[in-house]
Amino acid sequence: MLRGPARSPRDLVGGAPRATYVLRFDGRELPASAGQSIAAALWGAGVLAWRTTRENGAPRGVFCGIGSCHDCLVTVNGRPNRRACLTPARPGDTVTTQEGTGRAELGV
Amino acid sequence: MPNSASDGVPCDLAVVGAGPAGLAAAVTAADLGLRVALLDAGERPGGQYYRRPAPALGAARPEVLHHDWAAFASREAALRAHASAGRITHLPLHHVWTVVPAGAELLLHAVAGPEEEAVAVRARAVLLATGAFERNLPFPGWTLPGVIGAGGAQAMLKGGLVLPGRRIVVAGSGPLLLAVAGSLAAAGATVPAVVEAAAYTAYAGRLPALLRNPGKLGEAATYGGALLRHGIRLLTRHAVTEAHGSDRVEAVTVARLDRQWRPVPGTARRVPCDAVAVGHGLVPQLELATGLGCATRLGADGAVALEVDARQRTSVPGVWSAGETGGIGGARLALVEGEIAAHTIAGRAAPAVLVRRRARLRAFAGAMGAAHRPGAGWPGWLREDTEVCRCEEVPAGRIREAVRDLGARDARTVKLLTRAGMGWCQGRMCGPAVAALAGRDPDPDRRPLSCPVPLRRLAELPAEES
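These protein sequence lines map, in sequence, to chains A and B.
Counted from 1, the first sequence has number 25 at position 26 by numbering that gives the first Met the number 0; the numbering is strictly sequential.
Counted from 1, the second sequence has number 403 at position 404 by numbering that gives the first Met the number 0; the numbering is strictly sequential.
Okay, chain A solo, but in the shape it has when bound:
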């Protein structure tokens, strides 16, 4: 049963994360909470886009939020094509915006 308005989702559920840490994203340092996915950590820091498309270079981020659409693909610690909505964020992770297929080094 929903209650009255809260200031934030964390207020609503009485959340107190066990730990907070810094997530590196494209050379920036963003705050993240233990237990969040990469996508949630980025959203929490106000970042909505972390990929550019293969054809038009258009920005993309989360769309379906449950692993079906693959719009939220991102490069994590050098591994491209991770679904940000399914991938837990870990302290020390380096997340970088993924361009095109995420495999520019292959030259294909």
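One-sided excerpt, in silico: chain B residues whose CB lies under 8 Å from chain A:
id : residue
1  : Val63
2  : Pro144
3  : Gly151
4  : Gly159
5  : Leu160
6  : Ala185
7  : Asp246
8  : Arg247
9  : Cys390
10 : Glu392
11 : Trp423
12 : Arg427
Source of the hints: derived by calculation from the structure; they are not laboratory data.
Quick reminder that beta carbons are idealized off the backbone N, C-alpha and C, glycines included.
Keeping the supplied structure of chain A fixed, place chain B upon it in accordance with the hints.
Only chain B this time, still in chain A's reference frame:
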């Protein structure tokens, strides 16, 4: 990942999906003495409906984001008890990618965990409780960051405790929109409007189904109360027909629709926002079932669902289905169908109270599906350059050209001519829209792999299976 189910000892029942249907089925089957393997893509049981924040987020009261929490909590406790007693093998983070017959049994192949280990489970019966994903109809600007699925917004809120913006328009069609708007507002967002393409008066013609479901009326009253309390406007027979912005959404155009969902000229107005949560109902997730050859039907909501009999059996011997796979009907129906399936898999008659409840809830689901089924006129808000296939970036103009000039008559031919549906999501996002543009009802999903599988896992399969 050794366990009794994957070490070669076949279990009586393998349940795929630990949402309301699968969870209810697994614990009921174990109550009735069956040995059960419960495979689920999620880390913790609950599926999309009962998605919770990870324990490390320390949510003291996750239940405030949920309805019927007690129904879930009791079954989760039963799961834990059965698992520690060895009656249920719970396999979280297991993505089942195919199910194949193996003699008198069925063999389930899964990839498990972040390293995508190969796991196989043998079972005498399989229950497919794979749930659904969201149906989205495209509109100009729907690929902008900040435009997200309504269910996606709900999932990110429930699981990650985050919002995509502060001022969020909720749009599309179906009762999920009311729940999403209420959650977003309760979590601190401003929701200027819920933009619903259908008219709620459509339910009035289906009064018997409504009157048999007082619980659903109560739920509607709860949602209505939440909208009132948060000052959210409900605009029925309206749609978001365009999202504006360059790097992210900054505003939407909202227009009135006619009965066919065609935008009415001269009714467009601009609503500023920094996010849009949009969804047009749900689509059953069927690829494991269609891979096995299970028969399907077209539901009242215009989506393909599994054909199931009174015992929740599919057309393939040994394969059962419960919940959204048999047509979108909500969590309460899923719980009931999961229990009915468990009884019949155990060789018993389902309790009459469950059978009556299912009939009542299925009748409501039919009324709901018909009321919110997309009208034929929605492509009227597409421009030629509106991307329909998000993965391959195929615009509406190319799809229309394939249909008009190149003779495509169905989504499959459109796909071959334009690449729409050939990308990462394998048509999950654009499938219903492409079928509509081709002038056809959607075909049953056929995807040989229901999730990404590393090639090395396919290469490892024994020759007779690959």
